[in-house]
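2 protein chains.
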Amino acid sequence: MKAEYINPFITSIISVFDTMLGCELKREAPFVKDSHQPAHEVSGVIGLSGKARGTVVFSLGREAALSATEAMLDERPTEINSDVTDAVGELTNIIAGGAKAQLEHFAMGLSLPNVVTGKGHVIEFPKDAAPICIPFGSEWGPVVLEVGLIEQHAAVPQS
Amino acid sequence: MKAEYINPFITSIISVFDTMLGCELKREAPFVKDSHQPAHEVSGVIGLSGKARGTVVFSLGREAALSATEAMLDERPTEINSDVTDAVGELTNIIAGGAKAQLEHFAMGLSLPNVVTGKGHVIEFPKDAAPICIPFGSEWGPVVLEVGLIEQHAAVPQS
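Chains A and B, in that order, give the protein sequences. Here the first sequence stands for residues 1 to 159, numbered as in the working numbering. Here the second sequence stands for residues 1001 to 1159, numbered as in the working numbering.
Hints are computed from structural coordinates only; laboratory data are not their basis. Check each hint, because a few of them may be wrong.
List of simulated lysine-lysine pairs, DSSO-like, C-alpha gap at most 27 Å [to be verified]:
1) A:K26 to A:K119
2) B:K1051 to A:K119
3) B:K1119 to A:K33
4) B:K1119 to A:K127
5) A:K119 to B:K1119
6) A:K51 to B:K1051
For clarity, every value in this text was computed on a predicted model and none was experimentally measured.
Kindly produce the complete structure, drawing on both the sequences and the hints.
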């Protein structure tokens, strides 16, 4: 995956956190994710397909998930409930949609956002699509965005 | 989600298990999934986008995941390792690809398959896309396919 494809995702998440949640994200150094590395407690997952196929995982800890939901709904949930998973799914959709708009040449469509919960869950990418992982610091604790994207070539069938 | 859209996924998974794994699946009654219902220990997740947006989740227990991997690699893994997650991701891709081919009018593309592991993980769908859940029995134990699909209308932007 080319590093230049990652920038639209970085600008999108920073902008969404700033404008929708009033929360400043501080970007840390991106790295290629090792296999079997657990995500945070709540992860939004959305698929991308078109001239590139990929997945975006937006993973955040309990405190960040509760605070982001509070910023969206003006009410703080007491636990990781369906309000939280809906909010994280919607944020994942908006972050991926913002990046997609900047990667027009891939003509990508978005799948539905799903949200994975459960302490210690691990989200694996295919071997040939090791994702770039971008950690961010925030007043709500760590937030991570993982993006794995493979360019499709006309000679290779998509499925 | 219309029930007729589910049949291509059912015929696809039964055919993939039969021809690739030599394992007969016995279909049980489909139901609409309640929120917060845990999946089995290993779940393949793949996104669909196009004139319909959706997600396919292929979830199976430890024994079924190990046996399916053994059938594909001719060697039995001793634990849920990257061979298992690669095999489950590939199966998810083939199952979704087979169904996609039968739903040509949606002109759907597939995202990359991701595989979620971790006991007690839960995969939530968006509120407006409650998935149809199709359980199957097999000699390897239970296997579940969940499909949530929303038709896109031209007036509604996709993201």
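Evaluation of the provided hints:
Only pairs whose Cα atoms come within 27 Å are accepted, and K26 (chain A) paired with K119 (chain A) is accepted, the gap being roughly 25 Å. For the proposed pair K1051 (chain B) and K119 (chain A), the alpha carbon gap of about 35 Å is over 27 Å, so the pair is violated. For the proposed pair K1119 (chain B) and K33 (chain A), the alpha carbon gap of about 22 Å is at most 27 Å, so the pair holds. At roughly 22 Å between alpha-carbon atoms, K1119 (chain B) and K127 (chain A) fall within 27 Å of each other, so this suggested pair holds.
With a CA separation close to 9 Å, the supplied pair K119 (chain A) and K1119 (chain B) stays within the 27 Å bound. Of the pairs offered as hints, the one joining K51 (chain A) and K1051 (chain B) holds, with about 16 Å between alpha carbons and a cut-off of 27 Å not exceeded.
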